[in-house]
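Asks: Given only the sequences and the hints, what does the whole structure look like? Please build it.
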Amino acid sequence: MFSKCFPSLRKFSSITSQLAPPISPSLSASTSASTAHILSSIQSTDPIRRRMALAKAITLIESTHPHDQLQSDMLLSNLYSFEKTAKAYTNKDVFRLGITGGPGAGKSSFIESFGTYVLNSRKMDRLAVICVDPSSTISGGSILGDKTRMTKLSNDSRAYIRPSPTRGTPGGLTAYTSDALQLCHAASYSFCILESVGSGQSDNDIHSAVDMTLLLIPPGGGDDLQGSKMGSVETCDGIIVTKFDGDTKEIGLQTASEYKMAMSFRSTREVGIYACSSHSGEQIPEVWEYILNFWNDARKSGSLMDRRREQAQFWMWRHVQNKILELSRKSSRIKIASEEMERMVMNGVVTPRRAAKSLCYVLFEKEEYNMNK
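Residue numbering for the sequence shown follows the working numbering, beginning at 701 and increasing consecutively.
Mixed in with the good hints there might be a few duds.
Taking lysine-lysine and the DSBU-like style, the derived pairs with C-alpha atoms no more than 30 Å apart in a straight line are [said to hold, decoys possible]:
#: 1; residue 1: Lys960; residue 2: Lys949
#: 2; residue 1: Lys960; residue 2: Lys823
#: 3; residue 1: Lys1035; residue 2: Lys1057
#: 4; residue 1: Lys1000; residue 2: Lys960
The calculated label-pair distances, taken between Cβ atoms and stated as ranges, are [as the list claims (entries may be wrong)]:
#: 5; residue 1: Arg1043; residue 2: Ser740; range: 48 to 58 Å
#: 6; residue 1: Met1005; residue 2: Pro985; range: 49 to 59 Å
#: 7; residue 1: Ser821; residue 2: Ser1003; range: 25 to 35 Å
#: 8; residue 1: Arg969; residue 2: Ala733; range: 42 to 52 Å
#: 9; residue 1: Asn820; residue 2: Lys1057; range: 52 to 62 Å
Calculated directly from the structure, the hints in this document are not laboratory data.
Heads up, the beta-carbon is just placed ideally off N, CA and C, and yes, glycines get one too.
Replies: Structure (structure tokens):
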């Protein structure tokens, strides 16, 4: 039906079908059985079975193996049919909190202190944390630095912590981050925290994956001018000055004051600014109340649903970019053309921009691009 309405998609569908090799009936049957088992387990009332299924499901969507990609597509398609997807984006009882900030801002310490408070005070029954970590240059996997620093939260059966490697993806997130959060919600974790890798001024994609973003800044972490330059300041919904204890209290107060002044000039909306101590727990309850009020206001005003609809559009195009890149890497025609284009670029015969355009013409099987134009 789709291809009838949009004839150009027929050709594109035939191209994208090259991404995965043909699947034998026996493999398809075994994959379907395995997927059905994960689906039933991820919604199980048994917490251990549910956690194991969630871990396996996230591993599948992270994998680049063709068979695992096939199974992850099947898993997400069955878990989120059109009606269920619409329900997931309109479910006001689930909330995704983003935590971002530069290296050394105390993100992991804050999440552990905040998460422990939320669980112990029975604000939430369960909590899921997705930690986007830097990737190993050898294996490509997560270095696991953030999870190892959350010892208390890691040992709490009510909390689920999952490291997730960036694999060199810019913007602080990965292509499957949104899917991982949806899987956490399916496993009955209604409150999820997403910790970005902490790439500083380029760490903006987290705004497109969560309902609310908190920017963490250490005491003395930049003056108001530098804060105004940061893209994460422009998109955050709250600012937390961390390490507000001991000798850094006075510096923390000054930093908070500087950011309040900067935000009064930069933002037309009210952004809460708090100075917190992950060690003593000071101001942690106040931060929770601020989050709760933000959540309730967003639900009442409809901005929560508007934001999620925009996010769905963002992730669609992010996946389009990734699929096109994946296709180009697997195409023999592109490989031959790219080697020639690389040689011409390195020798200064053609600009990188024109070489890229030529490769796009080859990718979509259009008439050969005239390099002399």
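Asks: None of the hints should be skipped; say for each whether it holds.
Replies: Here is how each hint holds up against the structure:
no., hint, in the structure
1, Lys960 - Lys949, "17 Å, holds"
2, Lys960 - Lys823, "29 Å, holds"
3, Lys1035 - Lys1057, "15 Å, holds"
4, Lys1000 - Lys960, "26 Å, holds"
5, Arg1043 - Ser740: 48 to 58 Å, "53 Å, holds"
6, Met1005 - Pro985: 49 to 59 Å, "28 Å, violated"
7, Ser821 - Ser1003: 25 to 35 Å, "27 Å, holds"
8, Arg969 - Ala733: 42 to 52 Å, "50 Å, holds"
9, Asn820 - Lys1057: 52 to 62 Å, "57 Å, holds"
Checked against the numbered hints given earlier, this structure breaks only hint 6.
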